[in-house]
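From just these sequences and the hints, can you work out the full model?
Residue numbers (the numbering used here), protein chains in the order written: chain A, 67 to 318; chain B, 207 to 316.
If you are wondering where the hints come from, they were derived from the structure by calculation, not from laboratory data. Keep in mind that this is a model prediction, so the values were computed, not measured. Possibly wrong hints are sitting among the right ones.
Said to hold, decoys possible - PhoX-like, lysine-lysine: derived pairs with alpha carbons at most 25 Å apart:
#: 1; chain 1: B; residue 1: 288; chain 2: A; residue 2: 271
#: 2; chain 1: A; residue 1: 175; chain 2: A; residue 2: 147
#: 3; chain 1: B; residue 1: 288; chain 2: A; residue 2: 242
To be verified - Going by beta-carbon spacing under 8 Å, a handful of chain A positions derived as facing chain B:
#: 4; residue: 191
#: 5; residue: 241
#: 6; residue: 242
#: 7; residue: 274
#: 8; residue: 276
#: 9; residue: 280
#: 10; residue: 281
#: 11; residue: 311
#: 12; residue: 313
Claimed, not checked - Under 10 Å between C-beta atoms, here's a sample of chain B residues computed to sit facing chain A:
#: 13; residue: 212
#: 14; residue: 217
#: 15; residue: 288
In this text, a Cβ means the ideal position worked out from N, Cα and C, and glycines have one as well.
Each chain is listed here by its residues.
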Amino acid sequence: MVGANNKPEETDQPEVMIEVSVWRGDAEAGGFRTYHVPSRQSQTVLDIVTYIQRNLDPELTYRFACRVGMCGSCGMTVNGKPRWTCRTHASQVISNGKLTIEPLRNMTKVKDLAVDMTPFFDKWVEAKGAFVPTKTRHDEIEAIKPDSKERRAADAAVECINCGVCYSACDVVAWKPDYLGPAAINRSWTLVNDPRDGAQAERLKVLASDAGCSNCHSHQSCATYCPNLLNPTRSIAGVKRRVMVAALKGEV
Amino acid sequence: MTALRIYMAQRISAMIMVPLVFMHLGMIIYAVQGGLSAEEILGRTRGSIFWACFYGLFVTAVSVHGAAGIRVIVTEMVSLRKGTADLLTYGIFLLLFVMGARAVVAVTMP
Ligand code: SF4
Ligand code: SF4
Ligand code: FES
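Written out as C-alpha cells, the structure reads:
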C-alpha cells in the first residue's frame, strides 16, 4: 500500500511475500532461480518481473513495451500457461503464494524470459499476411459494407497484437515446427475475406500447403489463451472450408 | 501424398462412415432384440449384394480413415521422410482393408 506521501503505509501487518521462480538461461542451458517479491495491490505479473529486475537481479532479461496490452511483446509462460504479463493480475494466477515464470514455448530462447520471435513473424510473411493492393490512388475507394459476411469474418479476427501466446499454446507447432500456426493463419483469414486483395490464389496455395491449415486439430488451445479473446480455431476452420472447395475445383 | 489430400480423405471417409455407423448399431440392436441366432443372421446376409456393398463400403472408409489418422499421429510424434510416411499409410490401409474384406467375404459370400 502506498500512502499519500508516496511512502509505504505503516501497518502492523507483516508484508506478504510471493515466492517467484524465474527461468534464467539461454538456448543452451538454464534453470529456475527463486526470488521473494512483496505482494502489492493490483500488481501484474510484469510488475513482479520488473520488481525483480530493478531491485533483486539487474541481469534478468525480459521484453515489454506498452504495458497496456497493445504491443504484444510481454508474453511469458506463467504457472505453465502462456499469457500477456502486463495485463495478467498476479492475484489471478498465484497459487499457494507461488508463481513460476518461464519464456514462451515453441520459440528459441534468447536469454531468460526473452525468446526469438523471428520464425513466428516469418510465418506471417509466408502465409501472405500482407495486403496486396489492386487499385491505384487514382481509382475510386472500394466500398466495403460493414455488415457484409466477409467484413464481419475479418472483423472477428483482425484485432491481433502479434503476441505469440496462441503460437506458444499450440501443440501442433511443438510437434511440427514448419506449421504456420494459429496467428499467421488467423491473419491470412482476414485477407481471404478482403475483396480488395489481389493475392487470393497465391495465399490459398500456401494455406493449402503441407505447412498450412490441414495440420490444425481444432483443439482450441489458441482460442483458450488468446488474450484478445480472438478465436483462431474458427478462422482456421474458415480457411479449411475455402481450401477444400478450392481443392475440389482443382485450384490449389 | 500432400497433407491436404490426407486431410480431405479423412474428412470424406468420416462423412461416409457416420450414417453407416448408425445403421450398423441399429442392426446390432435389432438382431439382439429380435433374438436372431447366428445362422439366421448369416441366412440373411449370405448372397446379399446389398450387405456386401454396405459392409464393403464401410470397411473401405474405415481403412482410409484409420490409415490417414495413424499417419498424422505418427508423423507428429516422430519425424519421418515423406516416402516412409506414404509407405506406412498404404501399409496400414492394406492391413485394415484385407482384415475387413475377409470378414465381409465370410459374412456375405453365398
Ligand atoms: S486449434 Fe489448431 S491452431 Fe489452435 S492450438 Fe489447436 S492445433 Fe493449434
Ligand atoms: S491471435 Fe491472439 S494470442 Fe495469437 S498472436 Fe494474435 S493476439 Fe496473440
Ligand atoms: S507490454 Fe505491450 S502487450 Fe504487454
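State the violated hints by number, sorted upward, taking the hints as numbered earlier in the document. 4 and 11
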